[in-house]
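Take a look at the letters that make up each chain.
2 protein chains.
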Amino acid sequence: MSQRKLRLGAFIMATGHHIAAWRHPGGQIDAGTNIDHYIALAQTAERGLFDQVFVADTPGLRFEGSDEAFSRQGRVSYFEPVTLWAALSAVTKHIGFVATASTTYEDPFLLARKFASLDHISKGRAAWNVVTTSAENVYGNFGQDKHPEPEVRYEKAQEFVDVVKGLWDSFEDDAFARDPASGVYFDPAKLHPLNHVGKHLKVAGPLNLERSPQGYPVIVQAGSSEPGKELAAATAEAIFTAWTSLAEAQAFYSDVKGRLAKYGRRPEQLLVLPGISPVVGRTQAEAEAKWAELQKLIHPSVGLNTLEPFWPGEDLSKWDLDAPPPYIPQPPLGRNSRAHVVLELARRDKLTVRQLYEYLAGARGHWVVVGTPEHIADQMQSWFENGAADGFNVMPPVLPESLDDFVDLVIPELQRRGLFRTAYEGTTLRENLGLERPANQFSVQARKAA
Amino acid sequence: MSQRKLRLGAFIMATGHHIAAWRHPGGQIDAGTNIDHYIALAQTAERGLFDQVFVADTPGLRFEGSDEAFSRQGRVSYFEPVTLWAALSAVTKHIGFVATASTTYEDPFLLARKFASLDHISKGRAAWNVVTTSAENVYGNFGQDKHPEPEVRYEKAQEFVDVVKGLWDSFEDDAFARDPASGVYFDPAKLHPLNHVGKHLKVAGPLNLERSPQGYPVIVQAGSSEPGKELAAATAEAIFTAWTSLAEAQAFYSDVKGRLAKYGRRPEQLLVLPGISPVVGRTQAEAEAKWAELQKLIHPSVGLNTLEPFWPGEDLSKWDLDAPPPYIPQPPLGRNSRAHVVLELARRDKLTVRQLYEYLAGARGHWVVVGTPEHIADQMQSWFENGAADGFNVMPPVLPESLDDFVDLVIPELQRRGLFRTAYEGTTLRENLGLERPANQFSVQARKAA
Ligand SMILES: Cc1cc2nc3c(=O)[nH]c(=O)nc-3n(C[C@H](O)[C@H](O)[C@H](O)COP(=O)(O)O)c2cc1C
Ligand SMILES: Cc1cc2nc3c(=O)[nH]c(=O)nc-3n(C[C@H](O)[C@H](O)[C@H](O)COP(=O)(O)O)c2cc1C
Numbered sequence: 001m002s003q004r005k006l007r008l009g010a011f012i013m014a015t016g017h018h019i020a021a022w023r024h025p026g027g028q029i030d031a032g033t034n035i036d037h038y039i040a041l042a043q044t045a046e047r048g049l050f051d052q053v054f055v056a057d058t059p060g061l062r063f064e065g066s067d068e069a070f071s072r073q074g075r076v077s078y079f080e081p082v083t084l085w086a087a088l089s090a091v092t093k094h095i096g097f098v099a100t101a102s103t104t105y106e107d108p109f110l111l112a113r114k115f116a117s118l119d120h121i122s123k124g125r126a127a128w129n130v131v132t133t134s135a136e137n138v139y140g141n142f143g144q145d146k147h148p149e150p151e152v153r154y155e156k157a158q159e160f161v162d163v164v165k166g167l168w169d170s171f172e173d174d175a176f177a178r179d180p181a182s183g184v185y186f187d188p189a190k191l192h193p194l195n196h197v198g199k200h201l202k203v204a205g206p207l208n209l210e211r212s213p214q215g216y217p218v219i220v221q222a223g224s225s226e227p228g229k230e231l232a233a234a235t236a237e238a239i240f241t242a243w244t245s246l247a248e249a250q251a252f253y254s255d256v257k258g259r260l261a262k263y264g265r266r267p268e269q270l271l272v273l274p275g276i277s278p279v280v281g282r283t284q285a286e287a288e289a290k291w292a293e294l295q296k297l298i299h300p301s302v303g304l305n306t307l308e309p310f311w312p313g314e315d316l317s318k319w320d321l322d323a324p325p326p327y328i329p330q331p332p333l334g335r336n337s338r339a340h341v342v343l344e345l346a347r348r349d350k351l352t353v354r355q356l357y358e359y360l361a362g363a364r365g366h367w368v369v370v371g372t373p374e375h376i377a378d379q380m381q382s383w384f385e386n387g388a389a390d391g392f393n394v395m396p397p398v399l400p401e402s403l404d405d406f407v408d409l410v411i412p413e414l415q416r417r418g419l420f421r422t423a424y425e426g427t428t429l430r431e432n433l434g435l436e437r438p439a440n441q442f443s444v445q446a447r448k449a450a
Numbered sequence: 001m002s003q004r005k006l007r008l009g010a011f012i013m014a015t016g017h018h019i020a021a022w023r024h025p026g027g028q029i030d031a032g033t034n035i036d037h038y039i040a041l042a043q044t045a046e047r048g049l050f051d052q053v054f055v056a057d058t059p060g061l062r063f064e065g066s067d068e069a070f071s072r073q074g075r076v077s078y079f080e081p082v083t084l085w086a087a088l089s090a091v092t093k094h095i096g097f098v099a100t101a102s103t104t105y106e107d108p109f110l111l112a113r114k115f116a117s118l119d120h121i122s123k124g125r126a127a128w129n130v131v132t133t134s135a136e137n138v139y140g141n142f143g144q145d146k147h148p149e150p151e152v153r154y155e156k157a158q159e160f161v162d163v164v165k166g167l168w169d170s171f172e173d174d175a176f177a178r179d180p181a182s183g184v185y186f187d188p189a190k191l192h193p194l195n196h197v198g199k200h201l202k203v204a205g206p207l208n209l210e211r212s213p214q215g216y217p218v219i220v221q222a223g224s225s226e227p228g229k230e231l232a233a234a235t236a237e238a239i240f241t242a243w244t245s246l247a248e249a250q251a252f253y254s255d256v257k258g259r260l261a262k263y264g265r266r267p268e269q270l271l272v273l274p275g276i277s278p279v280v281g282r283t284q285a286e287a288e289a290k291w292a293e294l295q296k297l298i299h300p301s302v303g304l305n306t307l308e309p310f311w312p313g314e315d316l317s318k319w320d321l322d323a324p325p326p327y328i329p330q331p332p333l334g335r336n337s338r339a340h341v342v343l344e345l346a347r348r349d350k351l352t353v354r355q356l357y358e359y360l361a362g363a364r365g366h367w368v369v370v371g372t373p374e375h376i377a378d379q380m381q382s383w384f385e386n387g388a389a390d391g392f393n394v395m396p397p398v399l400p401e402s403l404d405d406f407v408d409l410v411i412p413e414l415q416r417r418g419l420f421r422t423a424y425e426g427t428t429l430r431e432n433l434g435l436e437r438p439a440n441q442f443s444v445q446a447r448k449a450a
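Protein sequence lines, in the order shown, are assigned to chains A and B. Counting in the UniProt record's numbering, the first sequence runs from 1 upward without gaps. Counting in the UniProt record's numbering, the second sequence runs from 1 upward without gaps.
Rather than coming from a laboratory, the hints here were simulated on the basis of the structure. Treat the hints with care, since some could be wrong.
[Said to hold, decoys possible] Below, a list of computed lysine-lysine pairs in the PhoX-like style, where the Cα atoms sit at most 25 Å apart:
{"hint": "1", "chain 1": "B", "residue 1": "Lys199", "chain 2": "A", "residue 2": "Lys146"}
{"hint": "2", "chain 1": "B", "residue 1": "Lys190", "chain 2": "B", "residue 2": "Lys448"}
{"hint": "3", "chain 1": "A", "residue 1": "Lys156", "chain 2": "B", "residue 2": "Lys146"}
{"hint": "4", "chain 1": "B", "residue 1": "Lys202", "chain 2": "A", "residue 2": "Lys156"}
{"hint": "5", "chain 1": "B", "residue 1": "Lys202", "chain 2": "A", "residue 2": "Lys202"}
{"hint": "6", "chain 1": "B", "residue 1": "Lys146", "chain 2": "A", "residue 2": "Lys199"}
{"hint": "7", "chain 1": "B", "residue 1": "Lys156", "chain 2": "B", "residue 2": "Lys199"}
{"hint": "8", "chain 1": "B", "residue 1": "Lys146", "chain 2": "B", "residue 2": "Lys156"}
{"hint": "9", "chain 1": "B", "residue 1": "Lys93", "chain 2": "A", "residue 2": "Lys123"}
{"hint": "10", "chain 1": "B", "residue 1": "Lys202", "chain 2": "A", "residue 2": "Lys199"}
{"hint": "11", "chain 1": "A", "residue 1": "Lys202", "chain 2": "B", "residue 2": "Lys199"}
{"hint": "12", "chain 1": "A", "residue 1": "Lys318", "chain 2": "A", "residue 2": "Lys296"}
{"hint": "13", "chain 1": "A", "residue 1": "Lys146", "chain 2": "A", "residue 2": "Lys202"}
{"hint": "14", "chain 1": "B", "residue 1": "Lys262", "chain 2": "B", "residue 2": "Lys165"}
{"hint": "15", "chain 1": "B", "residue 1": "Lys202", "chain 2": "B", "residue 2": "Lys146"}
Just so we're clear, the structure is a prediction, and the values are computed from it rather than from any experiment.
Please construct the entire structure, taking both the sequences and the accompanying hints into account.
Okay, structure coming up:
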């Protein structure tokens, strides 16, 4: 039995990862703005000894499609991630909090400050999911005229992360004497303004906040293009990713792990966490019935909306849902691999329109495993032990129901196999994940080494 | 006995309002980054039935003066306000949370989002203290080349507040059907992008967050220049201010209340809340001894640093602390009224250097009342009943000690006099403050009226 333990995160997508989850009786209908719902979820995840909970984010709301399809979207109104996690940190003790924030649209000083605050407030349980924002149509909220090109976004992201780390290191760890007798509070020689002037950013610093319990929050990344993988290799400590087969996941795993050495990093300094959307039943049949019930809740206009990008200019509402699409276009150029997979499925397996959108909408391109706790544990173990994953980002299809199922049924099975902890090891997220506390780049040691 | 009740806020300046509070045995030495300290304070204030707690803020750290004086400052490392209040909202039930945020340096979309999130998360207990940032030297944290002039800052502040309110009104209050049977989640016709293009800001919207329990957070303002007062009259629902005599406070009170009519507002729609720094003793002598003990903790370099702006270019460290300043300069031009007061005190009362800095540093220009609970209640009652205040922003000199004193000794005295509540009236901050829930500017009624 391996000593290595699975790392588990719970991807808390408001009402659940399934696109129609909000209609399901096991869901919470106003999840996005219901703080009690989130408190219960975080406490359930902590009961299940998850390393962390995670929220995705887009700083805006712009929908492409008909009002009919728009009116049926459950994800239009939800909390800002750091504000949410700060609240939940006060009613939990162990679990970590991964908040998504955009290097394309947020301000580096304010971002550094809110994440450092969260790390202090949670006593060392904060993480930042660094994204360049996948939504191409929210730039107008920030006075910009277009979504920058991927290369520019990632170039800026790297500079942004460096600036934020520089701000987090403003005070050396031992800068604070706080001696009431002498009246000396701190040592100004251990305070380091950044004075950064770069291609994309100009930030003076220092941050008005001392180093946080973890040194700085855990850095997570979720892009999988070339520049995305380079950013992860250079700076991330965990990477979220989406694969539906062991072979693809293995290829990705060795790809990103292989990029670390050139940044002077070791493979274990970057945890690879693919997504898994588990549909748990006491029997295989029960699990499949659950999944079918969910898929049935996808309204055709919502389903067709997810197909529209692949048939540009076409009015899909006229199509027969139970026949294959009238024609299969060439996949669009560029590196949209999802389009390739979908159109290939349509071509090869002759899926009907409904089957196609159920595939796409049901798990938003992520890996769905439908079955008993043993079956799900088998799948996870296979990826974990065969070089495809250091752990998983668990995406419960319906919340709270599917998280309860996972914690009550799958976690014990993973524990029985010795794959997962039976108690938290440390007090900070880094300690639980087995990640080092980073040294301060301005400390005496660091300056001597340089 | 008046029916009108005092409104009380607790100004939570980390370790206390007194500049040397961190050295005091009744203080909390690492207050700025100690979440347990803040939790205890909010719970104490709630036990005392305060309407709200308040934190001031500056987005940066730049000190003018010697390293010697800098090393003795207790306020260099502290939490971002909204993150802090979100955490405290999860462990309290009634008290409101006023967070300071800058219209000069923050982003309007992100600001609207975090405050609306806080209002949801706290179930209607959020308020925004709108400031243009008084610190003139933090612009470099935001890639800017200088602190904008007051007129520009206030012009932008007004536009900023309008934009933020527009974002908060993105969804009409009844936009959400959330009907699982039909699968309709919300009505896109009740979603209103802002598409703002103004002199200072360009913000598309809509906000990806529905209207919050209070409609929007309570708007607070704290500037007292001409444009500051106009901003308050146009948009604020409470105004913080600093006066040390009844006459000045009365003049300010009628001044700002008199400005409301031209914006179509009634006097009771803006609460005037002067600051009071209460030093409570069971006897007058005990209170005075407490204050003297605190004043003694001001290190001369810290005290002199507060005087430096009035003697520009002078090396004050060479002065005899127990003699009057060698000369009294002309007060600087412009509307810095604090300089006038200080230099006039020096001239008229022939204060020594030490007395002068104790006056200035001890309460940062705010009203200090030293005495028994009865004496403090007398003073508050006098301002409250004589057209100088609708309530107070209570600035405990040392935290937690002085807040405990106020809650245990002064609150009961105010209650005995029928001046203060004995139980919370409502569930939201607006309900407790007696402020209306604002209508949505895009609602059908509003559109009909227009
Ligand atoms: C599990 C997971 C979560 C993600 N969360 C977000 C998110 O919250 N916000 C976002 O803009 N993008 C998110 N992404 C998308 C990535 O940031 C990225 O844009 C996308 O994977 C495309 O890769 P690329 O940007 O490297 O081309 C997520 C991706 C994955 C796999
Ligand atoms: C009680 C009180 C609290 C204040 N808090 C802040 C603050 O947190 N941040 C800030 O930049 N200014 C703060 N101010 C300063 C005002 O915003 C304002 O800049 C100052 O009163 C000068 O007025 P003017 O800006 O209208 O010239 C505060 C003022 C008072 C009276």
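These are the hints, each one checked on the structure:
1. Lys199/B / Lys146/A: OK: Lys199/B and Lys146/A at ~20 Å, within 25 Å.
2. Lys190/B / Lys448/B: holds (14 Å)
3. Lys156/A / Lys146/B: holds (24 Å)
4. Lys202/B / Lys156/A: holds (22 Å)
5. Lys202/B / Lys202/A: Answer holds: Lys202/B to Lys202/A is near 21 Å, not above 25 Å.
6. Lys146/B / Lys199/A: holds (20 Å)
7. Lys156/B / Lys199/B: Distance ~8 Å between Lys156/B and Lys199/B Cα, so the pair holds.
8. Lys146/B / Lys156/B: Distance ~15 Å between Lys146/B and Lys156/B Cα, so the pair holds.
9. Lys93/B / Lys123/A: Within the cut-off at roughly 23 Å; holds.
10. Lys202/B / Lys199/A: The given pair, whose Cα atoms are some 23 Å apart, holds under the 25 Å limit.
11. Lys202/A / Lys199/B: Holds. Lys202/A to Lys199/B sits at ~23 Å (cutoff 25 Å).
12. Lys318/A / Lys296/A: Answer holds: Lys318/A to Lys296/A is near 20 Å, not above 25 Å.
13. Lys146/A / Lys202/A: holds (21 Å)
14. Lys262/B / Lys165/B: holds (20 Å)
15. Lys202/B / Lys146/B: holds (21 Å)
In the structure shown, no violation is registered for any of the earlier numbered hints.
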